[in-house]
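Could you build all of it, start to finish, from the sequences and the hints given here?
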Amino acid sequence: MIDPKSPMADGAAVGGVGTELAKDTILRVQDLKKHYPIRGGVFSRVQAAVKAVDGVSFDLMKGETLGLVGESGCGKSTLGRTLMRLEEPTEGRVLFEGADLAHANKKQLFVLRREIQMIFQDPYSSLNPRLPVGDIVREPLDVHTIGTREERQRKVEELCLQVGLKTEVINRYPHEFSGGQRQRVGIARALALEPKVIVADEPVSALDVSVQAQVINLMVQLQKKLGLTYMFISHDLSVVEYISDSIAIMYLGRIVEMGKKETIFDAPTHPYTRALIASVPNPDPRKRRKQAPIEGETPSPVNPPRGCAFHPRCPFAQPKCKEARPELEPFSGSGDPRHVVACVRKDEI
Amino acid sequence: MQLFRIDPLTKKRLQRFRRIKRGYYSFLILVVLFVLSLFSEFIANDRALAVKYDGKLYFPTLKFYPMSTFDQKDEYGFDDVEANYLGLKTELRELRAEFKQRMESYSGTEAELIAAEPKYARKDAWVLMPMVPFDPYEPDFTYDVPPPNAPDGRHWFGTDGQGRDVFARLLYGFRISMVFALLLVVLGQTVGTIIGSLQGYIAGRFDLYGQRFIEIWGTLPFLYVVIIISAFFIINMWKLIIIFAIFQWIRITYYMRTEMYREKTREYCLAARSYGASSWRIMFRHLLPNCLTPLVTFTPFFIVGAIGSLTALDYLGFGLPAPTPSWGELIDQALQSDNRDKIWLSIAPFGAISITLVLVTFVGESVREAFDPKQFARYK
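Each protein sequence line maps, in turn, to chains D and U.
For the record, in the first sequence the residue sitting at position 101 is 101 according to my numbering, with numbers rising by one throughout.
One gets my numbering by counting positions in the second sequence from 1 and adding 349 to each.
The reader is advised that the hints may include incorrect statements.
[What the hints assert, rightly or not] With a straight-line Cα cutoff of 30 Å, these simulated DSBU-like cross-link-like pairs (lysine-lysine) come out:
id	chain 1	residue 1	chain 2	residue 2
1	U	Lys360	D	Lys166
2	D	Lys322	D	Lys62
3	D	Lys155	U	Lys412
4	D	Lys261	D	Lys224
5	U	Lys438	U	Lys412
6	U	Lys361	U	Lys405
7	D	Lys225	D	Lys166
8	U	Lys360	U	Lys405
9	U	Lys361	D	Lys166
Please keep in mind that the hints were generated in silico from the structure rather than gathered at the bench.
Structure below.
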């Protein structure tokens with residue numbers, strides 16, 4: 001077990017071997033795991049585990065947007081919640097400017113929470129129906145006792161304006177708003193503590209397409225203005241393509257490919273990524289699909305297939321794919337220095 | 350300020366409740382009756398509301414006056430016991446009648462007669478008695494036959510086996526039942542809500558063992574426990590409330606527990622945790638206000654249950670101690686073999702219990718309807 005770093009300490013000074021962060025890395029996730037034990041038998045022994053997140057590592061650069069893509073049940077949301085410590089991680093580290101969120105104690109975590117905030121998926125259940133919008137947005141300030149009453153009230157008004165709501169909304173209740181406006185309230189709440197990183201867990205997937213664009217544009221504007229770093233979780237490739245700088249593809253609890261947006265979309269390497277990209281509907285009817293979409297069901301995360309978890313569905317699978325689980329390795333073929341792929345045949349296919 | 354702001358959901362439910370006329374009027378009637386019963390001393394009492402005597406005003410409901418104040422003596426010659434106001438009223442009425450009679454045959458003016466016979470100076474004194482001039486504890490032995498006496502102009506609902514006014518006992522009994530039920534329900538619901546909410550919120554082992562404990566606790570036979578305890582201790586109202594509450598809290602825990610389980614998975618709860626809100630804050634500011642529906646809808650029915658159980662326990666003789674006015678005790682008297690023909694003894698408490706319970710049940714039904722999230726569902 002690694003000692004939690006003091007949130008105040010400088011990352012490089014306390015990081016130790018292998019934890020020095022590149023200058024512009026704001027969040028480093030190292031081998032993060034979240035396993036849910038399945039208990040059974042006479043004495044409720046742990047019989048197996050759902051490996052929702054099974055060893056995920058990536059770096060989040062300051063000011064960038066990392067899009068996290070994967071199909072339902074691949075562990076994207078769990079990853080987001082685990083690195084927010086809404087779920088206790090089973091293993092691994094989450095380094096925010098050198099301080100380890102995953103092992104921080106209650107007090108350290110409380111301080112760290114100001115730096116990293118979350119936008120939730122469902123704008124209907126993410127706002128307490130019993131509280132007026134002003135109270136919802138002000139609550140993080142109350143919890144962290146920032147400023148006087150008047151200062152907080154002014155801050156709330158400021159936040160509302162910032163997300164494109166009028167200040168009159170403060171005394172109104174969530175049910176009086178549309179989905180898009182509610183999501184704006186959710187964004188205002190996430191911004192209240194002036195965080196540096198925002199984890200957005202499918203923030204627009206519950207909204208109408210026309211409203212999606214407005215919310216996405218708002219997020220982009222805010223990023224430019226406030227220098228925010230986003231981790232944008234989504235299953236919608238077109239949304240991710242629009243907002244992200246780099247993209248990570250997740251499959252069954254692991255990242256299988258990660259790189260710049262252009263690399264992922266123009267030269268997808270991992271067979272799963274290729275299938276995903278190919279599945280995006282193309283408005284041009286003359287363009288044919290290059291590849292048949294993948295078939296079959298996602299395997300169970302309790303007993304993932306041996307070796308590469310994707311091999312049962314992979315058109316390029318070979319016997320060697322069953323032997324060892326491929327790790328994320330740099331792939332030089334694309335010319336992107338941050339491009340990593342977890343496939344043993346990445347150079348052949 | 351936070352406490353008094355009603356959120357629109359609650360407002361809507363209250364409006365819906367007001368629209369359900371049967372429940373709303375039942376509620377108003379109950380409130381009026383309860384408030385009136387809080388002032389029972391001014392409605393049914395053998396102390397006068399006000400007395401004007403020798404030019405001075407007295408308010409005996411609020412203060413003790415010995416017999417000597419009004420020149421009275423009891424049959425043993427003592428004058429330091431509580432004044433007999435009903436007797437005083439009769440005395441004064443007789444005095445006035447006598448004075449009137451004397452005046453008819455008297456040649457002079459009223460003032461001259463008073464000067465001649467100074468006792469007539471008191472003809473202007475008066476006594477204002479309450480609506481029912483009887484105390485629930487004091488027997489009235491003015492009848493020729495021994496009590497219980499049938500209803501008449503003096504005792505509207507008759508008297509019981511000890512000659513006490515039945516109406517006064519019903520009224521004080523209503524107050525005691527309501528106060529008892531309200532205190533019990535508040536205490537029981539508070540404890541049950543806290544324990545049930547904690548079970549639902551903390552979950553895990555605490556919930557598992559808590560649930561097993563509640564299951565065991567719930568099988569304890571309530572009546573036997575009360576009988577055993579009352580064999581060792583002298584029961585008073587507070588002890589009885591606590592004994593009741595020990596069993597009362599269980600039922601609401603089931604509902605609060607499941608409500609919490611459901612509500613805590615909502616994203617607003619996650620959001621609160623994501624900015625570091627304490628569990629305490631999440632539970633009481635966010636979750637509890639969203640879990641109040643079962644609490645509010647069950648409370649009236651628990652009040653019905655509490656009144657019923659208290660009456661039953663009083664009937665069995667394990668309830669409130671003897672002279673306390675109580676409905677159960679009246680029913681017990683009515684059912685004694687030599688009182689079977691004294692029909693007023695059973696009709697009065699039966700009527701009071703039925704009316705009260707029907708009113709509370711109407712309120713409960715309407716509250717349930719007003720708080721029903723599935724407003725348009727129809728159950729067949």
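We went through each hint and held it up to the structure:
Restraint check for U:Lys360 and D:Lys166: satisfied, since their Cα atoms lie roughly 25 Å apart, inside the 30 Å limit. Under the criterion of a C-alpha separation no larger than 30 Å, the hint pairing D:Lys322 with D:Lys62 is inconsistent with the structure, at around 37 Å. Our distance criterion of 30 Å between C-alpha atoms is broken by D:Lys155 and U:Lys412, whose separation comes to about 60 Å. Between D:Lys261 and D:Lys224, the direct Cα distance comes to roughly 18 Å. Compliance with the 30 Å bound is thereby established for this hinted pair.
As the CA atoms of U:Lys438 and U:Lys412 are separated by approximately 18 Å, the hinted pair is consistent with the 30 Å bound. Between U:Lys361 and U:Lys405 the CA atoms are separated by roughly 55 Å; this puts the pair beyond 30 Å, and the hint is violated. Pair hint D:Lys225 plus D:Lys166 holds up; C-alpha atoms about 19 Å apart against a cutoff of 30 Å. About 53 Å separates the Cα atoms of U:Lys360 and U:Lys405, which puts this hinted pair outside 30 Å; it is violated.
Restraint check: the Cα-Cα separation between U:Lys361 and D:Lys166 comes to about 25 Å, which is no more than 30 Å; the hinted pair holds.
The structure does not agree with the numbered hints 2, 3, 6, 8 stated previously, though it agrees with the rest.
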